[in-house]
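We have chain A already, so just place chain B on it with the hints.
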Amino acid sequence: RKEVEQDPGPFNVPEGATVAFNCTYSNSASQSFFWYRQDCRKEPKLLMSVYSSGNEDGRFTAQLNRASQYISLLIRDSKLSDSATYLCVVNEPGSSNTGKLIFGQGTTLQVKP
Amino acid sequence: NAGVTQTPKFRILKIGQSMTLQCTQDMNHNYMYWYRQDPGMGLKLIYYSVGAGITDKGEVPNGYNVSRSTTEDFPLRLELAAPSQTSVYFCASSYPKTGVNEKLFFGSGTQLSVL
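Protein chains in written order, with my numbering: chain A, 1 to 113; chain B, 114 to 228.
With the rest of the complex left out, here is chain A (with noise of 0.2 angstroms):
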């Protein structure tokens, strides 16, 4: 079982639509979770933390459920900016003083006119 998995997509939605990415990890010892946007041939950027309570920026909401060792991203209102591979990461437990982080393989998003 891969210490991340998220589903590779491609999601293609219109405009407008809302869209939801999954992601489940492997340890349940992990504590600390993020979504990471990278766009075509770029670097990963942070996109957003995710707390166990759930969190929102604008038109991202991201949800953390410790039970089922499951994180997810909701985008509302898709924009055709938001057209990118979406990754799901995850602290290696025991690396609070290395930082380490374990990364999902990411989700593709295509949003279309």
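Treat each hint with caution, since some may be false.
Said to hold, decoys possible - Derived PhoX-like pairs: lysine-lysine, alpha-carbon spacing no greater than 20 angstroms straight-line:
1. B:K157 / A:K2
2. B:K122 / A:K112
3. B:K170 / B:K157
4. B:K157 / A:K42
5. A:K42 / B:K170
6. B:K127 / A:K45
7. B:K216 / B:K122
8. A:K42 / A:K2
9. B:K157 / B:K122
10. A:K45 / B:K122
11. A:K112 / A:K79
12. B:K216 / A:K45
Think of the hints as simulated: they come from the structure by calculation, not from any bench.
Relative to chain A, chain B alone:
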């Protein structure tokens, strides 16, 4: 601040050649990392460093070496390049806080082809 700077952006190597990927950051970050990303895959950790003079292996260290003589610089050395090392390489850094995993700052990447 320039952030994390990687050079070169592109490189083609012949099998058996060697090269060094340069990475420098001006944010005074203690933690630095080298990742590789193969097409359609997530990032795999090659080596990391928690401070000057300290390095350790990540998930895929074979065929690579690193050094960390200063806080700013974290070069990645490829000896005897092989086609399996064709990939995109990212350097990253972060500022540690006790018990908290902090945001990674990435360089713009190096596209390496070994032919």
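Against the structure, the hints:
1. B:K157 / A:K2: holds (12 angstroms)
2. B:K122 / A:K112: Roughly 30 angstroms between the alpha carbons, so the hint for B:K122 and A:K112 is violated.
3. B:K170 / B:K157: holds (11 angstroms)
4. B:K157 / A:K42: At roughly 16 angstroms apart (the allowed maximum being 20 angstroms), A:K42 and B:K157 satisfy the hint.
5. A:K42 / B:K170: Measuring from Cα to Cα gives roughly 25 angstroms; hence the hint is violated.
6. B:K127 / A:K45: This hinted pair is violated, its Cα atoms lying about 32 angstroms apart.
7. B:K216 / B:K122: violated (23 angstroms)
8. A:K42 / A:K2: violated (24 angstroms)
9. B:K157 / B:K122: This hinted pair holds, its Cα atoms lying about 19 angstroms apart.
10. A:K45 / B:K122: holds (18 angstroms)
11. A:K112 / A:K79: holds (8 angstroms)
12. B:K216 / A:K45: holds (9 angstroms)
In summary, the structure is inconsistent with hints 2, 5, 6, 7 and 8 from the numbered list given earlier, while agreeing with the others.
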